[in-house]
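Once you have looked at the hints, place chain U on chain E.
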Amino acid sequence: MTRVLIPSGVLGLAYDRNALAAGVATRPDIIAIDGGSTDSGPHYLGTGTSKYSRAAIAAEWRDLLEARSQLDVPLVLGSAGTCGTDSSVDWMVEITDEIARQLGQGLRVATIKSSVEPGSLAQAWETGKISELSDAPLLSTSTLLSMSNAVAVMGVEQIVDALSTGADIVIAGRATDTAPIAALPIERGDCPGASWHAAKVAECGALCSTHPMSGCVVVETDDCGFEIEPMHRQAKCTPETVSAHMLYENADPFRLHEPGGFLDVRDAVYTAKSNRRVRVQGSSWTGSSDYRVKLEGARLAGYQTTILALLRSSHYVQHARAWADRLLDLTRQRIAASMALTDGEYSLEFRLIGIDATLGPLEGNAANPLEVGVLGIVTARTQERSLEIAKLLNPYMLHMPLAADEELPTFAFPYSPAETPRGPLYEFCLNHVLQLDDPMEVFRIDVFQAGVPRV
Amino acid sequence: MAQLADLNLRIRSKNAGPFTITVDIFCPDQACFDRLCKSFRTSAVASALGLPESEIRRFEIESLRVVKLSFPRPVVQGSRLDRDIHGAQFAVLFEHITVQ
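As you go down the protein sequences, you meet chains E and U in turn. Heads up, the first sequence is in our numbering, so the first residue is 1 and it goes up one at a time. Heads up, the second sequence is in our numbering, so the first residue is 1 and it goes up one at a time.
These aren't lab readings, by the way, just hints derived from the structure by calculation. Any given hint could be a false lead.
As the list claims (entries may be wrong) - Computed spacing ranges between beta-carbons, pair by pair: (1) E:Phe254 - U:Gln30: 12 to 22 Å; (2) E:Leu359 - U:Gln30: 27 to 37 Å; (3) U:Asn8 - E:Glu94: 44 to 54 Å.
Ideal placement from N, C-alpha and C gives every residue a C-beta, glycine not left out.
Just chain U, same shape as in the assembly:
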């Protein structure tokens, strides 16, 4: 078991328009990418974000060794309750997700 934060990977979170966040997890090598594909669960992302799993789109891009997740913003960008206009801090939530 390890947290993503311990795996020497880079996690980037960005807005994809005002209503969607997209998070790219860049793996340093193939072994790490394979490990994430196998044991990094979308359900764990769903619980970290407080979203139903069905609302998370997942892509595994082998040529770039990237796992990408896109999901609706908890609140619309820039609306009264938004805390992070550019959505970049969602990456922090991913750091603490564990994989086998």
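Extracted from the complex, chain E is given alone in its bound form:
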């Protein structure tokens, strides 16, 4: 039997500290937590930076370092710093070293790096080792070479290797959400289907319970199933809350692909062990003949500047669409005339907040808004150029009438300057898997001392 403590769904998102203390009191064999996701968009992978603030991460990581030290068990972080690039792993190591020094702890740290060079991916593409998953974008060698960052997504094998170094702390680059939780149970020989299923249910912390924001859950895996219990006093796991978690952010509710095989939960049976604890049996793991890891990559897609104007007078609110169409037409002419740019050298879009900014062409409802926000989004090859275009839009967005014979209107700008440089825009360009001859082929483990010297 293996007991895994999962403090929360992601490091930096906050958890209930009493629930964490209750989790520590169960004497788990390991603490595992996820540190990342693609769910906040391509910016983080593109730049190799974290979504959550350093302060939030450091405060929680400090709690976990203390809990780990109290228990003397390993602590594993998957997908360090949101995107799991080598730079994010290094960032997490720096935070770990700083906190360990403050706590007077001497730690053996193992890192697993998962960044992959675009050049080596281009080679793998040309030799047929990369294949596409569903809804994948078109891929080419030049797309691969244009990526600013790419990572391979590890499974349990790499984390098991890192744990076998005797590390107190494992800081992993990009990993599947489940792998840090499933690694030790699988290494110890617990039922693989149960281990992966337990990890999937617990990967978002207490989201699989009646108190989703409370964070901490404990799973126990054994040779034929697993049990799960939330650590917040009022939270409950029921057969329904637990089985429903397979739906969450999962395209297929019965099957979950992982490096080296897939989990199938179609035959899983969920039984209440108490009013807050659930046992699950019957999930199965099917190993595959080859070992494939998912790839994630992001590339630069230009630089943006936004500009927002507010239409409040009813005449313009009523005719907001016609106004925006005319705005696009006139400003395009002006850009061509004064900047000598062709349509292909920049892109310009106006979204009407209050009308259809969220759903765009799919919006089927029309209501009369009180006011309309006109959000201009400029994308160009450099930041300077996108800002220059936005400045050119400025007088039109402030004063453009609906017709030439109309008195000059003035709209509302909510701040000055009206233009906001947004920096680089990144885009995801991979939904593919890479075939490996060995699970460690594209991952690198390093072991070193952090914090104070050990006596």
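For chain U alone, coordinates are given in the frame of chain E:
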């Protein structure tokens, strides 16, 4: 005839990775679930989304009384034309689909 919005059910839309959206429709009771299985058409979803029906994967999960639909994102998450990074507002499009 009724719109899903009138059936007291909960509709949740989420990204399933940057390229796929998954929508879970939670029915309050078995009768509602049976009704959806019978008369909630994938073709109606396809037309609300402007997608070919063949690109929509559908699951009916009786134990949870959930109908689940997964489909490619109209634009890739976070790319220039994306309007909703987390994809949660697609649920609104489902509210207006009608069932017998």
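Structure versus earlier hints - violations, ascending order: none
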